[in-house]
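A.B. asks: Residue numbers (our numbering), protein chains in the order written: chain A, 1 to 335; chain B, 1 to 335.
It is possible that part of the hints are untrue.
Said to hold, decoys possible - Quick list of in silico lysine-lysine cross-link-like pairs, DSS-like style, CA-CA up to 25 Å: (1) K62/B <-> K90/A; (2) K296/B <-> K135/A; (3) K91/B <-> K171/B; (4) K62/A <-> K62/B; (5) K90/A <-> K313/A; (6) K90/B <-> K90/A; (7) K296/B <-> K62/A; (8) K137/B <-> K323/B; (9) K135/B <-> K323/B; (10) K135/B <-> K91/A; (11) K296/A <-> K91/A; (12) K91/B <-> K301/B; (13) K301/B <-> K171/B; (14) K292/A <-> K182/A; (15) K62/B <-> K171/B; (16) K171/B <-> K62/A; (17) K90/B <-> K62/B; (18) K195/A <-> K135/A; (19) K90/B <-> K135/A; (20) K27/A <-> K9/A; (21) K323/B <-> K171/B; (22) K292/A <-> K135/A; (23) K135/B <-> K90/A; (24) K27/A <-> K171/B; (25) K313/A <-> K135/A.
Stated by the list, open to error - Quick list of simulated restraints, FRET-style, between CB atoms: (26) E10/B <-> A297/A: 47 to 57 Å; (27) E233/A <-> E261/B: 47 to 57 Å; (28) I332/A <-> E261/B: 35 to 45 Å; (29) N191/A <-> S92/B: 24 to 34 Å.
Honestly, the hints are just simulated from the structure, not real lab data.
Please read all numbers here as calculations on a predicted model, not as lab measurements.
In this text, a Cβ means the ideal position worked out from N, Cα and C, and glycines have one as well.
There are 2 protein chains.
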Amino acid sequence: MNSKSIRQKEIAEKTGFSINTVSLALKGSPRISEETRSIIMECAKQLNYIPNVVARSLVQKKTNTIGIILTELMNPILTETAQEIEQILKKSGYNMMLMITNSSPEQEAEALDVLVSRQVDGILMYPVFTANFAKIKLLRDNKFPIILLAGGDYELPTDAVYVNRREGAYKAATHFIQAGHKRIGFLGGGNYSDKEKQNGYFAALQDNHIPFDPSLVGRVQSDGYDAGYASIEELYKNAMPTAVICTRDYIALGAMRWCRERGIRIPEELSFIGFDDTAAASFAEIPLTSVKYDVKAVTEKATELLFQRIDEKDKSVAMSIQKISIQPRLVIRQS
Amino acid sequence: MNSKSIRQKEIAEKTGFSINTVSLALKGSPRISEETRSIIMECAKQLNYIPNVVARSLVQKKTNTIGIILTELMNPILTETAQEIEQILKKSGYNMMLMITNSSPEQEAEALDVLVSRQVDGILMYPVFTANFAKIKLLRDNKFPIILLAGGDYELPTDAVYVNRREGAYKAATHFIQAGHKRIGFLGGGNYSDKEKQNGYFAALQDNHIPFDPSLVGRVQSDGYDAGYASIEELYKNAMPTAVICTRDYIALGAMRWCRERGIRIPEELSFIGFDDTAAASFAEIPLTSVKYDVKAVTEKATELLFQRIDEKDKSVAMSIQKISIQPRLVIRQS
Numbered sequence: 001m002n003s004k005s006i007r008q009k010e011i012a013e014k015t016g017f018s019i020n021t022v023s024l025a026l027k028g029s030p031r032i033s034e035e036t037r038s039i040i041m042e043c044a045k046q047l048n049y050i051p052n053v054v055a056r057s058l059v060q061k062k063t064n065t066i067g068i069i070l071t072e073l074m075n076p077i078l079t080e081t082a083q084e085i086e087q088i089l090k091k092s093g094y095n096m097m098l099m100i101t102n103s104s105p106e107q108e109a110e111a112l113d114v115l116v117s118r119q120v121d122g123i124l125m126y127p128v129f130t131a132n133f134a135k136i137k138l139l140r141d142n143k144f145p146i147i148l149l150a151g152g153d154y155e156l157p158t159d160a161v162y163v164n165r166r167e168g169a170y171k172a173a174t175h176f177i178q179a180g181h182k183r184i185g186f187l188g189g190g191n192y193s194d195k196e197k198q199n200g201y202f203a204a205l206q207d208n209h210i211p212f213d214p215s216l217v218g219r220v221q222s223d224g225y226d227a228g229y230a231s232i233e234e235l236y237k238n239a240m241p242t243a244v245i246c247t248r249d250y251i252a253l254g255a256m257r258w259c260r261e262r263g264i265r266i267p268e269e270l271s272f273i274g275f276d277d278t279a280a281a282s283f284a285e286i287p288l289t290s291v292k293y294d295v296k297a298v299t300e301k302a303t304e305l306l307f308q309r310i311d312e313k314d315k316s317v318a319m320s321i322q323k324i325s326i327q328p329r330l331v332i333r334q335s
Numbered sequence: 001m002n003s004k005s006i007r008q009k010e011i012a013e014k015t016g017f018s019i020n021t022v023s024l025a026l027k028g029s030p031r032i033s034e035e036t037r038s039i040i041m042e043c044a045k046q047l048n049y050i051p052n053v054v055a056r057s058l059v060q061k062k063t064n065t066i067g068i069i070l071t072e073l074m075n076p077i078l079t080e081t082a083q084e085i086e087q088i089l090k091k092s093g094y095n096m097m098l099m100i101t102n103s104s105p106e107q108e109a110e111a112l113d114v115l116v117s118r119q120v121d122g123i124l125m126y127p128v129f130t131a132n133f134a135k136i137k138l139l140r141d142n143k144f145p146i147i148l149l150a151g152g153d154y155e156l157p158t159d160a161v162y163v164n165r166r167e168g169a170y171k172a173a174t175h176f177i178q179a180g181h182k183r184i185g186f187l188g189g190g191n192y193s194d195k196e197k198q199n200g201y202f203a204a205l206q207d208n209h210i211p212f213d214p215s216l217v218g219r220v221q222s223d224g225y226d227a228g229y230a231s232i233e234e235l236y237k238n239a240m241p242t243a244v245i246c247t248r249d250y251i252a253l254g255a256m257r258w259c260r261e262r263g264i265r266i267p268e269e270l271s272f273i274g275f276d277d278t279a280a281a282s283f284a285e286i287p288l289t290s291v292k293y294d295v296k297a298v299t300e301k302a303t304e305l306l307f308q309r310i311d312e313k314d315k316s317v318a319m320s321i322q323k324i325s326i327q328p329r330l331v332i333r334q335s
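Please model the entire structure based on the sequences and the hints provided.
C.D. replies: Structure (structure tokens):
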């Protein structure tokens with residue numbers, strides 16, 4: 001007996017209606033009176049049973065559409081993610097419905113609702129942490145195939161395939177430490193993925209017995225060149241680092257420009273490592289060392305797992321949550 | 001009587017079946033025998049009537065889905081186009097099904113077929129010139145809302161909203177001519193949009209009575225930094241230009257790097273203008289003058305026109321093809 005049947009049985013027992021009536025009510029059948037339906041829906045809500053529209057999509061046939069939810073599209077990693085997923089889906093006979101959340105939890109919740117009501121066969125999403133994890137867990141509990149494209153050392157509501165950002169920052173900091181640096185700065189934003197990187201940076205300092213100085217952590221307001229250019233001055237003047245880990249290549253490139261304009265030599269006086277290994281990093285005047293985000297590995301494994309979940313949906317197998325963490329690689333250049 | 005009815009009447013007259021039978025056959029109704037259907041379909045094909053699947057979608061209700069077909073996603077202009085369209089569609093209650101053609105005419109034809117069979121309410125597309133114009137015209141003739149995001153001084157099969165690239169290159173070349181340049185190079189690819197730019201460059205030379213030297217036109221193999229870096233040498237050594245128009249910012253930035261490495265001063269010895277006004281152009285060491293592609297203007301006008309076409313679909317108004325050409329602006333910097 002699958003989890004759906006178990007839940008319907010529970011609702012039937014609690015409300016006194018037959019399983020058949022419960023099933024019809026949840027499907028929105030006109031054969032069930034409004035009063036009966038409202039009692040059953042209320043009970044379903046209390047039991048965290050999935051909303052009506054999902055129940056309906058679960059009993060209906062495949063749409064060959066996969067929903068993709070991304071926080072934005074202008075970040076080159078996510079652009080490439082969208083492009084790679086589209087190519088893989090097309091080869092497998094699926095189409096892609098793309099939703100962009102602008103990193104807003106409300107827009108993310110809406111995107112989930114819309115895609116489920118459009119009866120997509122599954123969802124791949126880059127989440128706005130951790131705002132809608134309860135909603136995602138509900139979908140997962142009802143065997144709706146949904147895979148996160150981000151994750152880390154914490155409990156996840158569903159399967160996830162992701163690049164281990166913490167490990168990337170750990171490698172970057174270790175690289176600096178091995179080169180003899182003691183004053184290593186960190187320049188990033190306040191979002192979840194940057195915090196993961198910051199934790200990796202902390203761990204590397206700790207493992208190498210380097211005391212942590214809070215003035216070495218600088219904050220940026222966005223992910224762009226401008227943000228790096230505007231934020232490096234304060235960090236540089238307050239903390240006098242000899243090396244800086246930036247949470248994105250563009251932040252590093254903006255910061256490096258500020259240094260060049262002031263005659264600060266890179267890497268002699270100040271070294272940089274960025275994240276993502278974008279084309280801009282390799283083609284900068286001083287090519288930037290960067291933590292590579294392997295988009296192809298993530299999208300291939302994530303779609304593979306999604307297709308497996310779609311196959312399993314109608315079977316009564318208990319699916320344990322899978323976390324597939326991909327190790328990032330440091331691409332060493334002249335910065 | 002709308003164009004669909006006129007065509008069905010034509011098919012009825014040619015085959016001897018009633019209009020009702022023709023209509024049912026084209027909709028794929030099981031009430032029509034296989035033999036009758038095949039006669040009617042054969043005649044429909046000869047009259048360039050739209051395939052069955054489209055006919056079906058035309059009589060069915062809205063899906064609130066818009067299909068987007070792009071040649072690629074990694075080009076920053078198309079990334080931004082996809083992102084802007086998604087935002088506008090969402091506000092209007094539509095979802096976006098995204099297809100990427102990799103500039104392949106076959107993949108484009110397939111994308112059109114898939115989106116029509118998925119019964120999207122309309123299509124916005126950046127076409128692979130001019131491979132599927134006949135197919136696009138067929139859709140348009142049957143009132144299927146489809147808007148191109150590119151166009152120029154030639155006959156188009158349907159409505160189009162686009163940045164006038166020819167005009168952009170004309171402005172770039174005129175800017176160089178007014179600054180006193182006589183040896184103006186052109187570095188671009190062989191695709192349609194680059195040819196449009198090349199025509200604008202030719203026109204500006206001609207209007208200013210500057211004789212054209214074929215050695216001043218260089219070819220690149222792709223749109224990236226690498227291509228510009230690899231291609232500028234031949235152009236520079238063969239033609240000795242004092243200024244070069246590059247069909248993309250990245251090509252210009254790659255070429256500028258080659259110059260810097262050889263001590264060629266920019267802009268004193270060699271000036272550059274790129275296309276698209278990307279973030280990389282404004283943030284280059286020597287900020288690059290660039291022809292701005294106004295993504296917001298294109299996507300706003302294109303979606304507005306698409307919604308108008310969707311509204312008009314069920315009315316018997318004759319829609320004349322609209323071409324909305326947006327004038328590009330030259331953003332002048334230090335290159």
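A.B. asks: If a hint holds in the structure, say so; if it doesn't, say that too.
C.D. replies: Verification of the supplied hints:
Among the hinted pairs, K62/B with K90/A is consistent with the structure: their alpha-carbon atoms are about 24 Å apart, no more than 25 Å. At roughly 33 Å between alpha-carbon atoms, K296/B and K135/A are farther apart than 25 Å, so this suggested pair is violated. Straight-line distance between C-alpha atoms of K91/B and K171/B comes to about 36 Å, which puts the hinted pair past the 25 Å bound. Proposed proximity of K62/A and K62/B is supported: the alpha carbons are some 19 Å apart, at most 25 Å.
Restraint check for K90/A and K313/A: satisfied, since their Cα atoms lie roughly 21 Å apart, inside the 25 Å limit. A C-alpha spacing of about 23 Å is found between K90/B and K90/A, which places the hinted pair at or below 25 Å, so the restraint holds. In summary, the hint linking K296/B to K62/A is not supported, as the alpha carbons are separated by about 36 Å, beyond the 25 Å threshold. Taking the CA atoms of K137/B and K323/B, the gap is about 14 Å. The hint holds against a cut of 25 Å.
Our distance criterion of 25 Å between C-alpha atoms is met by K135/B and K323/B, whose separation comes to about 19 Å. The hinted pair formed by K135/B and K91/A meets the criterion: a straight-line CA distance of about 23 Å does not exceed 25 Å. Taking the CA atoms of K296/A and K91/A, the gap is near 15 Å; set against the 25 Å cutoff, the hint holds. Between K91/B and K301/B the alpha-carbon distance is near 15 Å, which keeps this suggested pair within the 25 Å criterion.
In summary, the hint linking K301/B to K171/B is supported, as the alpha carbons are separated by about 23 Å, within the 25 Å threshold. For a cut-off of 25 Å, the pair hint linking K292/A to K182/A stands: about 24 Å separates their Cα positions. Distance hint between K62/B and K171/B is unfulfilled; the C-alpha atoms sit about 43 Å from each other, more than 25 Å. A threshold of 25 Å between alpha carbons decides the hint, and for K171/B with K62/A the separation of about 52 Å lies outside it, so the pair is violated.
At most 25 Å may separate the alpha-carbon atoms for a hinted pair to count; K90/B and K62/B meet this at roughly 15 Å. Of the supplied pair hints, the one linking K195/A and K135/A holds, its CA atoms being roughly 23 Å apart against a limit of 25 Å. Restraint check for K90/B and K135/A: the C-alpha separation of about 21 Å stays at or below 25 Å, so the hint holds. Under the criterion of a C-alpha separation no larger than 25 Å, the hint pairing K27/A with K9/A is consistent with the structure, at around 15 Å.
Among the hinted pairs, K323/B with K171/B is consistent with the structure: their alpha-carbon atoms are about 21 Å apart, no more than 25 Å. For a cut-off of 25 Å, the pair hint linking K292/A to K135/A is broken: about 31 Å separates their Cα positions. For the hint linking K135/B to K90/A, the alpha-carbon distance of about 21 Å falls within 25 Å, and the restraint holds. Note on K27/A and K171/B: the hinted pairing is violated, with a Cα-Cα distance of about 61 Å set against a maximum of 25 Å.
At most 25 Å may separate the alpha-carbon atoms for a hinted pair to count; K313/A and K135/A meet this at roughly 18 Å. The given range of 47 to 57 Å is respected by E10/B and A297/A, whose C-beta atoms sit roughly 56 Å from each other. About 29 Å separates the C-beta atoms of E233/A and E261/B, a value inconsistent with the hinted range of 47 to 57 Å. The given range of 35 to 45 Å is broken by I332/A and E261/B, whose C-beta atoms sit roughly 21 Å from each other.
At roughly 29 Å, the beta-carbon separation of N191/A and S92/B lies within the given 24 to 34 Å, and the hint holds.
In summary, the numbered hints that this structure violates are 2, 3, 7, 15, 16, 22, 24, 27 and 28.
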